[in-house]
Structure formats: C-alpha cells, structure tokens
Amino acid sequence: MSTYAFQHLTPQLPSTEPIRVKRWSLTKVISNTTLLVIGAFFLLPMLWLFAASVDTSASWQLRVPDFTTRNYLLALQPDYTRALVNSLILSLIATVVATVAAFLAAYSFSRQHIPWKGPILLTILFLSGVPISILIVPIYKMFSYVGWLSIFPTAVILGVTALPFEIYLIKNAVDAIPLDLEEAAHIEKASTWKILSRIVIPLTMPGIASAAIFGFVNAWGSFLIPLVLISRAAEQPGPVRMYGFMNSVAINYGAVAAFSILYSLPVVILYLLMSRSFRAGFVLGGAVR
Amino acid sequence: MVELANDPVAKTLGALVAENGARLDKPRFSPSSLLLLFPAAALLIGLFIYPVGYSVYLGFTNLQLIGPNSIHFRFTGLQNVYFLLSDHVFYRSIWLTLVFVVGSGAVGTTILGLVIALALQSALTSVRMVVTSLAIVAWTLPPAAIAIIWYAATTQGGIFPVLFGYPHADVLYDHAMLVVSLANTWSLAGLATIIFSAALRNVPQEMLEAAKLEDANAYQRLTRLVLPILKPTILTSALLMTLLSFGNFTLIYLMTQGGPGGDSNILPVYSYLQGFTFKKLGYAALLGDVIVLISGVLGIAYVWLAQARRRAPKSNSV
Chain D
549 MSTYAFQHLT PQLPSTEPIR VKRWSLTKVI SNTTLLVIGA FFLLPMLWLF AASVDTSASW
609 QLRVPDFTTR NYLLALQPDY TRALVNSLIL SLIATVVATV AAFLAAYSFS RQHIPWKGPI
669 LLTILFLSGV PISILIVPIY KMFSYVGWLS IFPTAVILGV TALPFEIYLI KNAVDAIPLD
729 LEEAAHIEKA STWKILSRIV IPLTMPGIAS AAIFGFVNAW GSFLIPLVLI SRAAEQPGPV
789 RMYGFMNSVA INYGAVAAFS ILYSLPVVIL YLLMSRSFRA GFVLGGAVR
Chain C
5 MVELANDPVA KTLGALVAEN GARLDKPRFS PSSLLLLFPA AALLIGLFIY PVGYSVYLGF
65 TNLQLIGPNS IHFRFTGLQN VYFLLSDHVF YRSIWLTLVF VVGSGAVGTT ILGLVIALAL
125 QSALTSVRMV VTSLAIVAWT LPPAAIAIIW YAATTQGGIF PVLFGYPHAD VLYDHAMLVV
185 SLANTWSLAG LATIIFSAAL RNVPQEMLEA AKLEDANAYQ RLTRLVLPIL KPTILTSALL
245 MTLLSFGNFT LIYLMTQGGP GGDSNILPVY SYLQGFTFKK LGYAALLGDV IVLISGVLGI
305 AYVWLAQARR RAPKSNSV
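First to last, the protein sequences are chains D and C. Final position of the first sequence in this note's numbering is 837; the numbers increase by one with none missing. Final position of the second sequence in this note's numbering is 322; the numbers increase by one with none missing.
Next up, chain D with everything else stripped away, as it sits in the complex (with noise of 0.2 Å):
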C-alpha cells in the first residue's frame, strides 16, 4: 500500500522512448536511388574486369564466365611480371628522392627564415599545377643528349613531377606540430638530427605518409613519360606492357583483364591501408586550398 503511494507521489519524468523520427522522408528515398544508380555507373565497368579475368573465353562482352586461373598464370608469365618489377623499381625510387627531398625543403621552409620564402612557395605551388606532358619533349632532348634514356633518370623525373606537392603536403604536416617541441630540445642541447629523427618525423609520419603514397601512386600510374624515356622494351613498366597487349592482333581479354588486376592491386591496396592519414592529408592539403 505504501509502495503504491510512493509511486503515486514521483514526479512525471519525460518519456524515455526514443523520439520517433519519419524513417522514410522524401529526401531519404532520392538520397539512397540516386547512390544507387550512381553506384551503378561504378560498378558495371568494374565488373567486366573482374568476371573477363576468371574467364575461359572473354570478349569485351560482360558474361557469367567459364570459372580458370589459367588467364592469372599467363599474366604471371616472367615476361609479365618483368613489367611489374620494372613498374615497382620506378615507383620506389620515385617515391624515395621526391619524399627525401620534399621533406627536408618542407622542414626548412616551415621552420627557417628563408628570404623570399613567400615567392618561392608560390612558385613551387605553381610548380604543382603545370600540365606534366610538357615536359616530355625537353626532358627527352636533354636525356638522349647525354644518353640517359634508362629506366633510373625517369623514375627521378617521376619524382621531380610529384616533388611540388609533396613539399605542400609534408610542410602542412610540419606547420602543425607546435614549436615547443623543438625548443625544449634545443634547450636540453639537442642537435639538428636528433630533433628531426626524434621529433620532427615521428610526428609528421601521417603527412610524409601521404605524400610518399602520393609519389608512389603517380609514379605506379604514370605511362607516356616511362614509354617516351626508356628506349629498352625489357625496362618498360606494367602500363606500357599492357598498351601491348591491348594493341597486338590476337588479343587475349582474359589475360588484359587479369593482367591490370594485378597491375592495380597495389595501388588499390596502398589507398585502403592508408586512407584515414591520406585523406586527413588530401583534404588539409594547402595546395589545393
């Protein structure tokens, strides 16, 4: 009795259902058909790639294929994954100068007094923004005038092309880290190295991060440079060796298919494992504010 009295007497509390928001409204059905049509234009083209790659007889056309490996075997030939290896040589020596080189410029200009330092940014951001292919005529004339057409001096040139942005990039990174740091250490008698191996990198490895997959993505990716540059077929990366295969006469679509899979696993690979610091790079990226 007493209890009942006791309840009786508690105030009203708010009810504690959850407030019912209309599941369905309109802009959530356009939403959702939209993405899915939208999905759709993305899908489709990729699923040739995938369903031609296991087939015993692909076309151009996308059919439920005749389930083989044999079409991975052949573009795991040696003569195929010779173009592989080239494409990795050209992408790590690409990625090492631009990053290496990126980095210690960043550094500087982040934290050194550099007279004209604001011209010069502008520059190197200019710099970012010119069209690549225009220096494919000079830069074959100066290396076959001193007979560098080999596949070392274009992984640099490769280099070269994404060294701007990894400058903005990795100088983003830099102008984050607060100053402190570095004055503390300088203070307890830190030298120049220690701070940055100590300091300094472990704290920007997100944005060195992205600016190496950067590099290493345009340079994995790049086809005209490395064909106008390496005079030697056996040195030519994976996109060359796949302009082959699309334009000799008998042309084997499962082996294309299974061939750029393979070709594009990688990079694919990279971005997934990466795309949280790549993105938070992208996206703060100075460059393209």
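Calculated from the structure, these hints are not laboratory results. Hints may contain errors.
Stated by the list, open to error - Below, computed lysine-lysine pairings styled on PhoX-like, alpha-carbon distance capped at 25 Å:
#1 C:K216 to D:K576
#2 D:K576 to C:K283
#3 D:K689 to C:K283
#4 C:K216 to C:K235
Unchecked claim - Reference listing, derived: stretches of chain D covered by chain C, where coverage requires no fewer than 3 residues with Cβ under 8 Å from a Cβ of chain C:
#5 599-610
#6 622-633
#7 677-690
#8 759-771
Note that the Cβ used here is the ideal one computed from N, Cα and C, for glycine as well.
Dock chain C against the given chain D, drawing on the hints supplied.
What follows is chain C alone, placed relative to chain D:
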C-alpha cells in the same frame, strides 16, 4: 659604472654584434637551410624549371625526332607560330581540351562529387559503404586500368551499349569524346566526394537546425545555406579537377589515341602525336607551351573567382 664597455656582459654582447652585425632577436638565414633546401632545389630547377624554359625555346626551333634536324636544329623564329595559327586541328584541339578539362573535369566531376557527398548524408549505412568504396576504388585505379575498363565497357558488345539497348553500336567509336569524358569523371569523382564529404562535416549544425526551426525545406536549406558555405570548396575542387584532368590524358591516349579522326584529340595528346608520331618535336614543344598557357589562364580564372567572392561582401557592407 661609467665605463660600461668594461662590463663583461656588455663586452660579450658587443663582440656578438660585431661578429653577426645584426640584432639577435630577428630571425636570420641559417646556413643549414642551404643544405636542407639543396636536394629539392637542384631537382626542381634542373629537371623541372629548366626543362620548362627549354621547352619554350624548343617551341621556336625546327627540332625533329629523327633526321638531320634532330641534331642540327636551329631557331626558326615565328615559323612554328604561323603554322600553329593556320592549323585547323589545333583550333579543334583547344575546344576539345576545354570540353575535357573544364566540362568533364571541373564541372562534371565537381557536380558528381557534390551530389554523391550530399546524398551520402541521408543514405542507409549499407548503401553508403558500397557507394563510397566503389567511388574511391575507381579513383585509386591507375589510368591504364581505367582505360581498359572503359574500353571494354563502351566498345561493341560492352556493358553500356548492351544496357541501353544498342548491343552492336561501338559507342567508343561513335562518341569518343563523350566516352573519354565520362571515364575521366568516373576516375576523379571519388576524390571530389572525399573533399566534399569533409567540407559538409564542417557545415555548422546549429545553422541547419535554425533553418529547420524556421520551416525551411530541404531544397531551401541546400540552396540558401549549404551551397553558399561550400562555395570555396567548390571552386577549389574545380581547380584541382581541371589540373588532374590535364594529367589524365593517358586515358585518352590508351583508349583512342586521339581518334577516331581527331574526335578526342585534346592538346596533350596532340602534342605527343606531333612529337613522337609525326616527329616534329619543335612543334610539339610549342603545343606544350600552349598547354601551360591554358592551364595558367584557367588557374588565374579560378583564383579570381575565389577572390571575387571574398571581395563582394566587403564592398556591400561599405
């Protein structure tokens, strides 16, 4: 007391000033900067800025890929420019370049990315996951793979002709420019989506709620509130997509080589063809210079647009 110079502290300060000749509280150029800047400076000047300048010079020479003029080329004045001005392919090529770079790059990709990002806000989780990953994978694919995918999708018997009921039409041959433009948009929309999703997250929620309380419908909230807030991002994306589309000519080269009949012959492809198929390197270099001019003009136009936006409220308030 009078002889201040004898004070040891003042002496060291004096000595320091004599040594450095400047105030110590001002930032000064440190020699280590030279060391830090050297690699990037050497690479950029030697392999970027110098070649660009060299290409301007080569544009006024009769350099050839093979033959006697490949070694003993000479300055020919405005001869290449006259040829350029009477080159009908060139004029068509400029138009196609603008269609590709501004139409499919700046406008098409930005709109598609914006639409996706806006729709994602009220999407089901499953739909959101699928569409975002598809768009991002499409963006991460290397150009050569995109070229193959779109070649397969639009050639005779490919998925798109079949889907629209013309299985025997070779869309790639009949509408080459449309296909390569679509492929370009397809390959860049993922990046635009990422940029716009991030920008949409920065739209203040209070403003949206205030607008809801005022009974603004979704369309009004979008056009009066979200789009004006996003305007700087839209311009940024348009500029970025323009530049990336210029770089995407690999796609065209692999899919159509500028053909059929020059239908998709944008300037970077035309420059390559002139240089390495028709062996006229000098003329190719001049075309390259035109490309840089166009991208410079477009870049300045976007910056001008962005600044016009910033100036406008000021002049109104005054």
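Quick rundown of the hints versus the structure:
no., hint, result
1, C:K216 to D:K576, "holds (16 Å)"
2, D:K576 to C:K283, "violated (57 Å)"
3, D:K689 to C:K283, "holds (12 Å)"
4, C:K216 to C:K235, "holds (21 Å)"
5, 599-610, "holds (count 5)"
6, 622-633, "violated (count 0)"
7, 677-690, "holds (count 14)"
8, 759-771, "holds (count 5)"
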